[in-house]
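Modelling step: build the complete structure from the supplied sequences, incorporating the hints.
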Amino acid sequence: DARVTQTPRDKVTEMGQEVTMRCQPILGHNTVFWYRQTMMQGLELLAYFRNRAPLDDSGMPKDRFSAEMPDATLATLKIQPSEPRDSAVYFCASGPGLAGTGELFFGEGSRLTVL
Amino acid sequence: DQQVKQNSPSLSVQEGRISILNCDYTNSMFDYFLWYKKYPAEGPTFLISISSIKDKNEDGRFTVFLNKSAKHLSLHIVPSQPGDSAVYFCAASDPAKGNEKLTFGTGTRLTIIP
Chain A
1 DARVTQTPRD KVTEMGQEVT MRCQPILGHN TVFWYRQTMM QGLELLAYFR NRAPLDDSGM
61 PKDRFSAEMP DATLATLKIQ PSEPRDSAVY FCASGPGLAG TGELFFGEGS RLTVL
Chain B
116 DQQVKQNSPS LSVQEGRISI LNCDYTNSMF DYFLWYKKYP AEGPTFLISI SSIKDKNEDG
176 RFTVFLNKSA KHLSLHIVPS QPGDSAVYFC AASDPAKGNE KLTFGTGTRL TIIP
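Residue numbers (the numbering used here), protein chains in the order written: chain A, 1 to 115; chain B, 116 to 229.
Everything labelled a hint here was simulated from the structure, so no lab data went into it. The beta carbon of each residue, even a glycine, is placed where N, CA and C say it ideally should be. Any given hint might turn out to be false.
[Stated by the list, open to error] Part of the chain B face toward chain A, derived, beta carbon under 7 angstroms:
| no. | residue |
| --- | --- |
| 1 | SER143 |
| 2 | TYR147 |
| 3 | GLU157 |
| 4 | GLY158 |
| 5 | PRO159 |
| 6 | PHE161 |
| 7 | SER208 |
| 8 | GLU215 |
| 9 | LYS216 |
| 10 | PHE219 |
| 11 | GLY220 |
| 12 | GLY222 |
So this is what it looks like as structure tokens:
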């Protein structure tokens, strides 16, 4: 049963703390995305990788957010320092890349609460 | 700048009737459109898609219509069932940016009333 796995599912932290969210994409998928769900923006793209190379992180606040793919089975999204306005659900998604139809497969999300 | 807009945050429909969810886009370069469905505490899942070379795509109870001149698409669900209650996201892709990069709308919460 191929699926995208995200950890943690829920995270409560205090303002100023570092937060790291992890994602295991579906084996064989070569594109990975980080989205953030907010009421005002819907699903907002934060970062996008193809074959582990970052292609677009224009949606990400550069001063505090960073996204990496240390290897093909792991993507990370780090917030340092975290702020209350970062509270949201963060989704990781993977896809087969340009060979596919554009469909993405999402994880269950990481709900972040920054107090 | 919201390039994909879902102007109805919520919609309630009686079971058995037709549900119509609407989506507008502003980027004329978008050429592929998708609908995703999201249940609480789960990630969005793909529902149906349409290429810009078509104006209709049907899959069981779900049909997506595309009007390129109006930059408008809609999702029809008929008959609506209680299990269809979820948030529906419209998404679009621009080939110049790679087909796999999707721009999403803000979502419409559909509630089916038994």
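>> Take the shortest C-beta to C-beta distance between PRO159(B) and chain A; is it under 7 angstroms?
In response: 5 angstroms, holds
>> Let's test the interface hint: is any C-beta of chain A closer than 7 angstroms to that of GLU157(B)?
In response: 6 angstroms, holds
> With 7 angstroms as the cut and Cβ atoms as the points, is GLY158(B) at the interface with chain A?
Replying inline: 3 angstroms, holds
> Do the numbers back the hint for GLU215(B), that is, is its least Cβ distance to chain A under 7 angstroms?
Replying inline: This interface hint holds because 5 angstroms falls under the 7 angstroms limit.
> Taking the least C-beta to C-beta distance, is GLY220(B) closer than 7 angstroms to chain A?
Replying inline: Result: holds, 5 angstroms to nearest chain A Cβ.
> Holds or violated: TYR147(B) as interface residue toward chain A, Cβ cutoff 7 angstroms?
Replying inline: 5 angstroms, holds
> How about LYS216(B): closest beta carbon in chain A under 7 angstroms, or not?
Replying inline: 6 angstroms, holds
>> Tell me if the interface restraint on PHE219(B) is satisfied: Cβ within less than 7 angstroms of some Cβ in chain A.
In response: With a closest approach of 4 angstroms, the PHE219(B) hint holds.
> Taking the least C-beta to C-beta distance, is PHE161(B) closer than 7 angstroms to chain A?
Replying inline: Holds - the Cβ of PHE161(B) comes within 7 angstroms of chain A, reaching about 5 angstroms at its closest.
>> Given SER143(B) as an interface hint, is its Cβ closer than 7 angstroms to any Cβ of chain A?
In response: 18 angstroms, violated
> Would the stated hint for SER208(B) survive a check requiring a Cβ distance to chain A of less than 7 angstroms?
Replying inline: With Cβ-Cβ at 5 angstroms, under 7 angstroms, it holds.
> At a threshold of 7 angstroms, is the proposed contact between GLY222(B) and chain A supported by beta-carbon distances?
Replying inline: 5 angstroms, holds
Hint violations for this structure: number 1 only, all remaining hints satisfied.
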